[in-house]
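Trainee: Going down the list, the sequences are from chains H and R.
With the numbering used here applied, the first sequence corresponds to residues 1 to 151, in that order.
With the numbering used here applied, the second sequence corresponds to residues 152 to 567, in that order.
One should not assume that every hint holds.
Under the rule of at most 30 Å between Cα atoms (straight-line distance), these lysine-lysine pairs were calculated in the DSSO-like manner [as the list claims (entries may be wrong)]:
hint : chain 1 : residue 1 : chain 2 : residue 2
1    : R       : K253      : R       : K345
2    : R       : K400      : R       : K327
3    : H       : K64       : R       : K561
4    : R       : K400      : H       : K100
5    : R       : K345      : R       : K325
6    : R       : K183      : R       : K253
7    : R       : K345      : R       : K405
8    : R       : K253      : R       : K327
9    : R       : K561      : H       : K100
Hint data in this document are derived by calculation from the structure and do not stem from the laboratory.
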Amino acid sequence: MDQSLRELYQEVILDHSRHPRHFGALADATHSGEGYNPLCGDRVKIYLLVDGDNRIADIGFEGKGCAISQASASLMTDMLIGRTVDEAEELMGGFVHLVKGESANGLAEEDRERLDVMAGVSAFPMRVKCATLAWHTMKSALEGGEAAKTE
Amino acid sequence: MSAQPKLKPTASFDPLAARADFEILSREVYGKPLVYLDSAASAQKPRHVLYAMQAFAASEYANVHRGVHCLSAAATERYEAARETVRSFLSAAHTDEIVFTKGGTEAINLVSYSHLAPRIQPGDEIVLSVMEHHSNIVPWHFLRERYGAVLRWVDVNDDGSLDAEAVDAAIGPKTKLVAIAHMSNVLGTISPLKEIVARAHAKGVPVLADGCQGAVHLPVDVRDLDIDFYALTGHKLYGPTGIGVLYGKRALLKFMRPFNGGGEMIREVGRETITYADPPARFEAGTPPIIEAVGLAAAVDYVSALDREAVAAHEHDLLSYATGQVQELNWVRVIGEAKGKGSILSFETQGMHAHDVATILDREGVAVRAGHHCAQPLMERFGVASTTRASFALYNTRDEVDAFVAALRKARTILG
Chain H
1 MDQSLRELYQ
11 EVILDHSRHP
21 RHFGALADAT
31 HSGEGYNPLC
41 GDRVKIYLLV
51 DGDNRIADIG
61 FEGKGCAISQ
71 ASASLMTDML
81 IGRTVDEAEE
91 LMGGFVHLVK
101 GESANGLAEE
111 DRERLDVMAG
121 VSAFPMRVKC
131 ATLAWHTMKS
141 ALEGGEAAKT
151 E
Chain R
152 MSAQPKLKPT
162 ASFDPLAARA
172 DFEILSREVY
182 GKPLVYLDSA
192 ASAQKPRHVL
202 YAMQAFAASE
212 YANVHRGVHC
222 LSAAATERYE
232 AARETVRSFL
242 SAAHTDEIVF
252 TKGGTEAINL
262 VSYSHLAPRI
272 QPGDEIVLSV
282 MEHHSNIVPW
292 HFLRERYGAV
302 LRWVDVNDDG
312 SLDAEAVDAA
322 IGPKTKLVAI
332 AHMSNVLGTI
342 SPLKEIVARA
352 HAKGVPVLAD
362 GCQGAVHLPV
372 DVRDLDIDFY
382 ALTGHKLYGP
392 TGIGVLYGKR
402 ALLKFMRPFN
412 GGGEMIREVG
422 RETITYADPP
432 ARFEAGTPPI
442 IEAVGLAAAV
452 DYVSALDREA
462 VAAHEHDLLS
472 YATGQVQELN
482 WVRVIGEAKG
492 KGSILSFETQ
502 GMHAHDVATI
512 LDREGVAVRA
522 GHHCAQPLME
532 RFGVASTTRA
542 SFALYNTRDE
552 VDAFVAALRK
562 ARTILG
């Protein structure tokens, strides 16, 4: 099989998309955000619980979408829970660079290794927006701004 | 420049011979032969069209309707000859009923802005079907937002077919226009247009047909249909982008106000007064798409030289062959199974998102469309967020259908 396809749809990605972690709404969310990709009609909703120390105590997400967008959202929840908002924002920036195939030097070695499963997206420019939808939505939820959109 | 390709009218159709007219189809993508199944989004262009545009630009080009010089006269002649070619293609009564636009979308917007907007009152209704493309929805939404018009949606049946009775039932005393696709870009459904027109006219309501797909696959005789407006686009008809057509009955065009203002659409401009040109010039402000008009005429000539019935039979064969194959896959649900439908195959894949499927197909060389196909009300009607769509054109082959189905099976092994 095409090597780039193998990287894009590697087992970790498919596993996340079939069995998304932290799927569902949070009853006690302090923040929420909605993302929409008008190109494909995919939607994602992110719920966040940020505690008094400005730390992300919990995340939930809902939505329907392609394997890439679902896996990316699931992986994101896994990686951001327990981080402070500042740490989360740093990671989000690094992730967007990574999937665009740009230098993501700011990422800690351990984070980089975990996010590397998404790096295959960079070979598919038309699919970068699928990967970033949940992350942009997370950012807008934290900022309490308008619905995120990737198009 | 290469030699001028000659048209060879024949009484049968050889898809492989036609295929040779489309240079792009011999290229590869990712090292695999290109299988282009996205012609409903935009069709490829035969060398006749490319040659005509290049030759015209290289030898006869100038602005139209302006200069008295030799080239302007030649270009004007070609531009107006293109109008006549389109008139004949649509069997319209008069050449001045053919308005060149920049595409199908602009043609429909022209009717919205110039015909309907000046007449619409709050509560007036526009009847449209749920299978419309956004280009035949959004211009009517504008009238809803701005003037309080009401959109009356006509549902399709579960197999995707549209009944003239259902359209008729939606037409009331306040209906000002019926706007219906001749052929759906998602379902392939062909509307019973003639019957719809007859029923609408019985109630005094004009009908606009979105013919962007229909004009490619079906013979269109606007007089036989008695249709009031018919919109089509060049690039789906094997012609260039940047040009479309609005056919409008003379009696209707005559009373339509201008849309864009600028050169060529006026009779006389004073400081405080203005009078407008007659149709079609009234609706062609500014320098029109001249080279594109020549290209469109070449595309129409190309299609007209083929045995269109034989082409339709070939496309139908591809559609039924492909439909039969994908229906053997128990994880595929075909959306749109109306009798006599056109060569568009939309389907949902269980457990696999259309974009993932299309990405894998792409790497196998197979170009399909994935998404909502600019038909979100229809997606909602069938309870899907998106579908994968393979559309078949005159240059496709059964071998390509096989490649498409093999790629689909591969997607299943990767994602399933």
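Trainee: Starting from R:K561, check that the Cα of H:K100 is at most 30 Å away, please.
Mentor: OK: R:K561 and H:K100 at ~27 Å, within 30 Å.
Trainee: Holds or violated: are the alpha carbons of R:K183 and R:K253 at most 30 Å from each other?
Mentor: violated (34 Å)
Trainee: Is the Cα-Cα distance between H:K64 and R:K561 30 Å or less?
Mentor: Holds, at roughly 23 Å.
Trainee: Is the straight-line distance between the alpha-carbon of R:K253 and that of R:K345 30 Å or less?
Mentor: Status holds; Cα separation ~27 Å.
Trainee: Would you mind confirming whether the straight-line C-alpha gap from R:K400 to H:K100 stays at or under 30 Å?
Mentor: Judged against 30 Å, a Cα distance of about 52 Å means the pair is violated.
Trainee: Is the hinted pair R:K400 and R:K327 satisfied, with a Cα-Cα distance of at most 30 Å?
Mentor: Holds: R:K400 and R:K327 sit about 16 Å apart, inside 30 Å.
Trainee: Between R:K253 and R:K327, does the CA-CA distance stay at or below 30 Å?
Mentor: holds (25 Å)
Trainee: Check the hint pairing R:K345 with R:K405 against an upper bound of 30 Å on the C-alpha distance.
Mentor: Answer holds: R:K345 to R:K405 is near 24 Å, not above 30 Å.
Trainee: Is the straight-line distance between the alpha-carbon of R:K345 and that of R:K325 30 Å or less?
Mentor: holds (22 Å)
Checked against the numbered hints above, the structure breaks hints 4, 6 and satisfies the rest.
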